[in-house]
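Protein chains: 2
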Amino acid sequence: MPVQPSRKRPAKAGATPSVVPPAGLRADARHNRERILEAAREAYAAHGIDVPVTTIARRAGVGVATLYRRFPTRTALITEAFSEQLDSCVSALDDALLDPDPWRGLCTLIEKVCAMQATDRGFTAAFLSRFPDAVDFEDRRTHAEEGIARLVRRAQDSGQLRADFAPSDITLLLVANCGVAGASPEVAAAASRRLTGYLLQSFRAGSAAPLPPPAPLELNRIYQPPPGP
Amino acid sequence: MPVQPSRKRPAKAGATPSVVPPAGLRADARHNRERILEAAREAYAAHGIDVPVTTIARRAGVGVATLYRRFPTRTALITEAFSEQLDSCVSALDDALLDPDPWRGLCTLIEKVCAMQATDRGFTAAFLSRFPDAVDFEDRRTHAEEGIARLVRRAQDSGQLRADFAPSDITLLLVANCGVAGASPEVAAAASRRLTGYLLQSFRAGSAAPLPPPAPLELNRIYQPPPGP
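Taken in order, these protein sequences are the chains called R and D.
First residue of the first sequence: 1, per our numbering; consecutive thereafter.
First residue of the second sequence: 1, per our numbering; consecutive thereafter.
Any given hint could turn out to be false.
[Claimed, not checked] What follows is a set of in silico ranges between Cβ atoms, one per label pair, in the way DEER data are often shown:
1) R:26 x D:54: 46 to 54 angstroms
2) R:63 x D:91: 51 to 59 angstroms
3) D:28 x R:166: 50 to 58 angstroms
Honestly, the hints are just simulated from the structure, not real lab data.
Note that the Cβ used here is the ideal one computed from N, Cα and C, for glycine as well.
Extracted from the complex, chain R is given alone in its bound form:
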């Protein structure tokens, strides 16, 4: 069943009901909410999504009780903190699907998402982790998977993307790009551009040399935070 690309975000069908929408909040509550989200984004970007909620509350200058009143679960906080970036990714994918040149669409998407990912440690973990109660994340991930599969097919049908390219190679690229995110933001950005440049060249049809088989990587399965010692 083909999914139509759309430039409009779909309604957040599964938004966690516990996240109180800002419109219904008093000014000071809205202010606290924004401070918490900002502190969460900064902490996740620098340290990944395993930062304790208490640390985020302290950085936001609010009590833990206040944080939990706004975001009753850790998942609710993570989902909301990365909502904007996920929207950007979904937009970039929809744009790629609308590009009349499927290869250019694919390259542009990969470059955008990799650049975003390279400078934010938390983003990939948030996107690739499986949050059992984050229905909204799941929706967007499924949307992403279907869109990527179509984009890959289109680029292969047009003869620009090599025929042995597997949709899981997109995940492979994202995971490899994750590896460069450990450096300083400037180095990470440069390293990500270079890595993406190399990989796109080898994805292009014409590199006919045989490859090892695709890895069994699914977008929602690859990220496994290291278990505690």
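Once you have looked at the hints, place chain D on chain R.
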């Protein structure tokens, strides 16, 4: 000044003197030492090198005092735990330099090291971290850097490696390959083979499309463990 490849390991000029050589130990002390090293290797492979020394002592079934008697510093323990793998890497590099076909030498080296790295979280961190008092690590890293630079030059001179390939691209590849080490060992190994396959194809001379500039990655600078929250 060219460095001659040698199949013999150089003497450990800077071995940390605090690491008591097994030969001078009584049987039970030697036994404890081996159990500690085994526990350390397992813990580092699964969780990276930030595992506390107390955890390793518990896993080895020895007291913390015993551990510190054998390995007075954390660095001494890490250096010793990864000594064998580092030797394998240096051997692989020496073999690559002796290969009459520089391109085949480079490919074999990359495949070997990436396979080793993909299934051991701790190894790359240990190799790429800078341990101020691990002189022996420094020696081997310097040896590695010089050897890699020669290998790259040889493969470029023979016309098989693209001319705009930078030695820092080897580090880029290792760092990207690190990213796949988060999955289960089987998935990580498959993903690493596929990633390496793609990258080697784009490293090969003939892929003449221009690339973004090399990233300022040095073998000894790239790994930055995430700062604590």
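Hints the structure fails to honour: No hint contradicted; all consistent.
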